[in-house]
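Novice: Just so it is clear: in the sequence shown, position 105 is 105 by my numbering, and no numbers are missing.
Do not take every clue at face value.
[Stated by the list, open to error] Pair by pair, the computed Cβ-Cβ distance ranges are:
#, residue 1, residue 2, range
1, I55, T108, 49 to 57 Å
2, Y18, T62, 36 to 44 Å
3, I55, Y18, 37 to 45 Å
4, D28, D52, 39 to 47 Å
5, A192, E171, 17 to 25 Å
6, Q51, P93, 15 to 23 Å
7, Y18, G69, 33 to 41 Å
8, E171, Q13, 20 to 28 Å
9, H9, K65, 17 to 25 Å
Hints are computed from structural coordinates only; laboratory data are not their basis. These numbers come from a predicted model, not from an experiment. Positions of the beta carbon are idealized from the N, C-alpha and C atoms, including for glycine.
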Amino acid sequence: MAKVTVMDHPLIQHKIGYIRRTDTGTKDFRQTISEIAMLICYEATRNLGLQDVEIETPICKTTVKELKGKKLAVVPILRAGLGMVDGMLTMIPTAKVGHIGLYRDPETHLPIEYYCKLPEDCDKREVFVVDPMLATGGSAAAAIQMLKDKGCKKIHFLCIIAAPEGVKAMEEAHPDVDIYIGALDEKLNDHAYIVPGLGDAGDRIFGTK
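Generate the whole structure from the sequences, applying the supplied hints.
Specialist: So this is what it looks like as C-alpha cells:
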C-alpha cells in the first residue's frame, strides 16, 4: 500500500505559509516553490539504495557510501510542475528530466494529454513526478498511468499542497505510488480549487493570468 507522507518540517511549513499570501510576487513565489521542492525531495529520497565504494581522501583510503545505480528521473506535470524541477535537480543533479503535459477540461475537470516526452530509459529509472497542487488527483493519476504504460515501476509523487479528495483518488488509482505532500488542505471548492490553497500555481509561478 502506498505511503502518504505529509511534511511537518518547520521550514516547509513556513515557506508554504509565505507562498499562500496574495501579496507574494512572482519572483519570490517561484524561488520559494523551488526551495520547498528541494526540501520535499530530501524526504522523498530517504530510502534510495546505497552501495560501498572505496576512495582515497587526502589522508588515506576509505570506504564511503554512494547512491546505488543512480538512475533517477524527474517528471514535472506541465506547466506548474516546471516550478519544482530546479529544486529537485539541485538535490539530484544527475537525474534526467521528462515532461508530461496535461490540462484540466473546465467543464468535466478531467485531464487531457497534450504532450509527453520522457527519457529513453525511463522504465529503468526511479521516477519522481512533481506538481505543486494535488486537487482532484485526475492529472497526477493520468500522468502516473502514462509512466506505467511505458514500463516505469518505481514511481513517487511529490506535491506542495494537496486536497483530501486528490489524495483519496491517487490512493485508489495507484496504491503502489508513495505520495509526499507539503501541506494537506481542507477541501476542494465548487471549481475544483484547493481551499485555502494558494490560487493557480502555474499563473503565480509564471506571472500569467
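Novice: Checking against the hints above, which ones are violated?
Specialist: The structure conflicts with no hint, since it agrees with every one listed earlier.
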